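Colleague: Spelled out, the chains give:
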Amino acid sequence: MGLEAAFWILAVVSVGAAVAVVLCKDVFRAALFLVLSFFAVAGIYASLDADFLAAAQVLIYVGAVGILVLFAIMFTRDTRHGSLFNKQHMFALLFAGILCAVMIYCMVETDWAALVAGGNAEPLPGSGGGLTESIGDSLFSEDGYLLPVEISGVMLLAAALGGIVIMRDK
Amino acid sequence: MDIGLSHYLVLASVLFCIGLYGALAKRNAVVILMCIEIMLNAVNIALVAFSRYLVPDAVLISGQVFVVFVLVVAAAEAVVGLAIIMAIYRSRRTIDSDDIDIMKG
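First to last, the sequence lines map onto chains S and P.
Everything in the first sequence is counted per this note's numbering, starting at 1 for the first residue and increasing by one.
Everything in the second sequence is counted per this note's numbering, starting at 1001 for the first residue and increasing by one.
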């Protein structure tokens, strides 16, 4: 019961904030709604027993990416025009609406329980206790994702250097 | 009615399509980048929901591991994308995607 109420509140907040990001004329307010949407998505992760991801979402998206976006807006804000739609926005709305309807139809009509070996989907063992340990095990073990983790570390370094080089004064 | 897998997947679809609409229809480059972040978040919700409901095994949590990698790539993308936008603003004094058309044939 509590989980259901939490899901509906978080879903409404995240979708409403995402709509506000698209519709808001003021870019700064749109960015603040984006942060609210990220926060609600972190709550969705928590309701799916993904506590590590909820914490990482708050730290990376709400903290780092949110601040970065606000920082970029303060540098480049065009207060006269704000955030406008372009000429193809009716076509984009039609396309997004059709895609949304098709995706919802597929998601609802597919019999997901038939894909699970044990019949109906059951909660993870040890749910509520958290899955951080098994994420760490599978990320840092030799037969897990150790090589992708190291490659992504190199990629983050390249992105940081690239950001500095692009922004540097000539 | 119990909250099941399809609830989370429908939420992810709706968020993805809102982000897609924004990314296609907005003129401000920063807002386009923000909408792409919304789309990445929607995909992450779907991955976590699949991992939670379709793989009921605490050892096989590939879905959540993929979300960690998506977070890393999204952070790198935000850094480089915003740096490019600010470099464009510095040289052309605009980030309106309709005005940045020097690659147009």
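Hints listed in this document are in silico derivations from the structure and should not be mistaken for laboratory results.
Every value quoted in this text rests on a predicted model; they were computed, and no experiment measured them.
Mixed in with the good hints, there may be bad ones.
To be verified - Which residues of chain S face chain P? A few of them, derived with a C-beta cut under 8 Å, are:
1) Ile9
2) Val13
3) Ser134
4) Val154
5) Met167
A virtual CB, placed ideally from N, CA and C, is assigned to each residue, including glycine.
Colleague: Next, verify each hint and record whether it holds.
Modeller: Taking the hints in turn, this is what the structure says about them:
no.: 1; hint: Ile9; result: violated, 12 Å
no.: 2; hint: Val13; result: violated, 11 Å
no.: 3; hint: Ser134; result: holds, 5 Å
no.: 4; hint: Val154; result: violated, 11 Å
no.: 5; hint: Met167; result: holds, 5 Å
Consistency note: the structure conflicts with the earlier hints numbered 1, 2 and 4.
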